[in-house]
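Protein chains: 2
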Amino acid sequence: MTDALHTPAAVTLTSFRDAMARLGAAVHVVTSDGPGGRAGFTATAVCSVTDSPPTLIVCLNRNASAYPAVVANGVLCVNTLAGGQAGISNTFGGKTPMAERFAAGTWSTLETGAPVLEGAIAHFDCQITERTAVGTHDVLLCQVVAIHSDTAAPGLLYLDRAYHALHGG
Amino acid sequence: MTDALHTPAAVTLTSFRDAMARLGAAVHVVTSDGPGGRAGFTATAVCSVTDSPPTLIVCLNRNASAYPAVVANGVLCVNTLAGGQAGISNTFGGKTPMAERFAAGTWSTLETGAPVLEGAIAHFDCQITERTAVGTHDVLLCQVVAIHSDTAAPGLLYLDRAYHALHGG
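Heads up: the sequence lines are chains A and B, in that order. Going by the working numbering, the first sequence opens with residue 9, and the numbers climb by one from there. Going by the working numbering, the second sequence opens with residue 9, and the numbers climb by one from there.
The hints are simulated quantities; they were obtained by calculation from the structure and are not laboratory data. As the structure is a computational prediction, the values presented were derived from the model and not from experiment. Careful, some of the hints might be misleading.
Where chain B lies over chain A, by a calculated footprint (3+ residues, C-beta under 8 Å) [what the hints assert, rightly or not]:
1) 25-38
2) 92-102
3) 130-143
4) 146-157
5) 162-174
From the derived model, a few chain A residues whose C-beta atoms are all more than 12 Å from chain B [to be verified]:
6) Ala18
7) Gly44
8) Gly45
9) Pro62
10) Ser73
11) Val79
12) Ala80
13) Gly82
14) Pro105
15) Met106
16) Ala107
17) Glu108
18) Ala111
19) Ala112
A virtual CB, placed ideally from N, CA and C, is assigned to each residue, including glycine.
Starting from the given sequences, assemble the full structure and let the hints guide the process.
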């Protein structure tokens, strides 16, 4: 089932990561607050499932420092970053303690109480309605209960292991 | 739980779609072949779940013309488009009959027999391992069984309802 155009390779971690690096994606800071405390992490593995009802998927590593709080709180906000927000992406994507992460931004809330990042180009405030383990990660089904978007700023994209500010329109 | 920075809006179809338009995403032609016949559709709702084992999520509308074939075949290939492939994205995203869609590209196969598009910048050839209905769509868990990527060409991104060729690196 193969031909001369493509050399099939065993699917190694390296080949999977190299191919995923070619898949450009928006960058998000995903936040949560509630009985489990305030927590947040950087994610590109976010996608829309359906608009009836408005639902996103967010994938979260069960070893992530934010994981216990997100699960305990049962809510999250997807803050889609603007072109100028690579710095806060790095802060929430690293080993920085939670309190220091949140010191890097200005926050408000919408409906659930999950932190809403000022300057992000879209905010999806969500109730987590289902959680399914797949390998190392949990797939979170997130129903959007409040929403906000800004039409002006460029988006922050991640492609080939580098940030890019992309102007739409 | 709201403040002056953000005016919460009811989550309408329009507000959800407007906010999702701000979320830049790679564009893929997802294909399938087997007992259900050859079929394909354009998708941006693709994301990586875990690399252990290498797994993607693909979201597919149950009303899509490709749906019955994809389900019957149990395999698919995610072809991540290059910057110059907006034309084939439109062909696979519209009402074009399947035979005409495939006439718009050159195809090979990897392991599963799902069509592999020449010129795409990454190919994820997958077995569908799980299928879950969420609203109008099915969430397909797809285990990657063969992979191919090309490091040279820019990627095709969709942001603010328009195509953009994005150079990485």
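Structure-based check of each hint:
no.	hint	in the structure
1	25-38	holds (count 10)
2	92-102	violated (count 0)
3	130-143	holds (count 6)
4	146-157	holds (count 8)
5	162-174	holds (count 8)
6	Ala18	violated, 8 Å
7	Gly44	holds, 17 Å
8	Gly45	holds, 17 Å
9	Pro62	violated, 4 Å
10	Ser73	holds, 18 Å
11	Val79	holds, 17 Å
12	Ala80	holds, 18 Å
13	Gly82	holds, 15 Å
14	Pro105	holds, 25 Å
15	Met106	holds, 20 Å
16	Ala107	holds, 21 Å
17	Glu108	holds, 22 Å
18	Ala111	holds, 18 Å
19	Ala112	holds, 17 Å
Hints 2, 6 and 9, counting from the list given before, are not met by this structure.
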